[in-house]
Amino acid sequence: MFINNQVTMLRPREDEDGWFNLFVIHQNRSKHGATNYIPEQFLDDFLDLVVWGHEHECKIAPVRNEQQLFYVTQPGSSVITSLSPGEAVKKHIGLLRVKGKKMNLQKIPLQTVRQFFIQDVTLSEHPDLFSPEQPNVMLKVMAFCQEKVEEMLEEAERQRLGNPLTPEKPLIRLRVDYSGGFEVFNTMRFCQKFVDRVANPKDILHFIRHREAKDSLKGKSHTSS
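The numbering used here applies: residue 113 is where the sequence shown begins, and numbers increase by one.
The set of hints was computed from the structure by calculation and includes no laboratory data.
No incorrect hints appear here.
Below, a list of computed lysine-lysine pairs in the DSS-like style, where the Cα atoms sit at most 25 Å apart: (1) Lys314 with Lys260; (2) Lys143 with Lys202; (3) Lys213 with Lys171.
Being a predicted model, the structure only gives us computed values, none of them experimental.
Turn these sequences into a full structure, and let the hints guide you.
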């Protein structure tokens with residue numbers, strides 16, 4: 113509808129420039145493809161503040177669009193909806209005060225949201241600790257991962273001190289890049305160690321691996337009979 117100019121914004125006829133213009137939109141803000149998001153420049157430049165819904169990451173501090181000259185606030189979801197980096201940002205609500213054409217948005221942190229910590233590790237970046245050829249390398253990798261999870265649990269405990277409203281068990285996600293010849297290990301046995309301490313004991317670990325570059329055929333000569 114935006115592309116076909118089928119969206120029209122109406123303004124009061126009287127004292128047209130004296131109003132504070134607030135627009136609420138619930139669409140993709142991040143670009144996931146050519147046409148499945150709304151570019152900010154599609155919105156009229158007479159707007160003062162755009163409240164952007166649908167996106168889950170909390171970016172509540174108003175950001176000025178220098179092209180359209182309006183501000184955008186993205187409150188995000190009030191709870192953790194997925195174990196992704198964007199959801200690890202502290203959740204806030206905003207108290208908006210408007211007086212004439214001036215505004216102020218006060219960030220208020222939510223105190224009852226379940227904590228969420230996420231960390232990425234790449235095994236090949238720790239040759240001083242282990243290598244794929246070592247005996248019992250899997251046990252060493254498991255111990256390394258356990259240490260990283262413990263660090264996140266300790267940080268959760270520090271942040272939770274003095275706030276009894278915060279749920280006791282945090283969400284923990286460790287993303288492990290095992291590229292370079294490493295093997296995955298049994299996650300069920302690993303996660304059993306934390307079953308009473310995390311809210312997601314069945315999916316703490318997430319293994320990822322980059323595709324190995326295939327040998328290029330360029331530059332190789334072929335003989336013909």
